[in-house]
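Colleague: Sequence:
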Amino acid sequence: MTTPTKPKSMPRLLIDLPPGFAGLTITGDDEQDTPSVADLAARIARPAGRSTEQMAEYVGLLASLMADNQARLFGRFATSDQHLPEPVVANFVLAMPELAAGDSDVAGHIAPNGSVVAAQLEKIYRKRHPAADVRVVELAVGPAMVAATAGEYRLPPEVTGQSAPIVRPEFKAEFQIPAPDGSRLVVIAVTTDSEAGWPAVAAEAMRIANSVRFEEPDDVPADSPDATR
0 MTTPTKPKSM PRLLIDLPPG FAGLTITGDD EQDTPSVADL AARIARPAGR STEQMAEYVG
60 LLASLMADNQ ARLFGRFATS DQHLPEPVVA NFVLAMPELA AGDSDVAGHI APNGSVVAAQ
120 LEKIYRKRHP AADVRVVELA VGPAMVAATA GEYRLPPEVT GQSAPIVRPE FKAEFQIPAP
180 DGSRLVVIAV TTDSEAGWPA VAAEAMRIAN SVRFEEPDDV PADSPDATR
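Straight run, no breaks: the sequence shown in numbering that gives the first Met the number 0 ends on number 228.
Treat the hints with caution; some may be incorrect.
[Unchecked claim] Derived Cβ-Cβ restraints for the label pairs, each shown as a range: (1) A149 to L83: 13 to 23 Å; (2) A163 to V115: 39 to 49 Å; (3) A139 to R45: 29 to 39 Å; (4) D28 to N90: 20 to 30 Å; (5) E215 to R153: 42 to 52 Å; (6) H128 to R153: 29 to 39 Å; (7) A195 to P129: 24 to 34 Å.
No lab work stands behind these hints: they were computed from the structure.
Glycine residues also receive a C-beta, built at the ideal position from the N, C-alpha and C atoms.
Go ahead and model the full structure; you've got the sequences and the hints to work with.
Modeller: Next comes the structure, spelled out in structure tokens:
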């Protein structure tokens with residue numbers, strides 16, 4: 000699967016997504032994103048018990064909100080293991096926020112030593128989320144911060160059609176991976192509302208994060224689109 004990233008002068012992000020992944024590439028341009036929103040809504044409306052029109056409105060709103068937060072890709076996938084009677088569904092978001100000097104505590108620590116950057120990310124995340132299980136891990140691409148949290152989220156009536164918000168549990172794995180050029184982070188968040196399925200989802204989230212790699216534009220064939228796959 001592909002999605003545009005940054006200008007050609009910057010390293011290109013590549014990632015291996017799970018089989019059956021249904022996702023939406025976010026450009027931040029409503030005209031470009033509308034066909035992708037409609038396509039994703041058509042694919043996920045029936046399993047979600049919603050009409051295509053309702054789902055398109057919901058997905059379009061999500062795409063707009065995520066674009067404002069520099070998200071580039073979101074979607075859903077199913078995973079399983081021998082302990083689960085049926086596959087469990089997880090949500091996936093990939094964002095690439097920029098790190099400008101002076102705008103972040105992390106920016107001043109960007110250096111060839113990726114462990115320093117990851118340790119600073121861990122420190123910041125732990126301060127903001129004291130209840131999270133936060134640590135530095137060594138991925139194939141280098142050191143990264145990973146955090147696991149358990150909480151809940153609320154679905155508003157305008158989304159569910161119910162008279163009151165619906166509260167659901169949320170189990171989340173978040174990875175923050177410094178890009179090699181020091182200009183941005185790759186943030187991957189994978190969530191599920193299934194406590195029983197959480198171990199399988201967490202394992203798949205780790206596999207996805209461990210597949211992240213970067214290529215210099217000159218390493219990419221001339222006929223290959225600038226993309227995340």
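Colleague: Indicate, hint by hint, whether the structure satisfies it.
Modeller: Hint check results:
Between A149 and L83 the beta carbon distance is about 18 Å. The supplied range of 13 to 23 Å therefore holds. Evaluation of the 39 to 49 Å hint for A163 and V115 yields a pass: the beta carbon distance comes to about 47 Å. Separation of A139 from R45 is about 37 Å and conforms to the stated range, judged on CB atoms against 29 to 39 Å. The supplied range of 20 to 30 Å is met by D28 and N90, whose beta-carbon atoms lie about 23 Å from each other.
A hinted range of 42 to 52 Å holds for the C-beta pair E215 and R153, which are about 43 Å apart. The given range of 29 to 39 Å is broken by H128 and R153, whose C-beta atoms sit roughly 18 Å from each other. A hinted range of 24 to 34 Å holds for the C-beta pair A195 and P129, which are about 26 Å apart.
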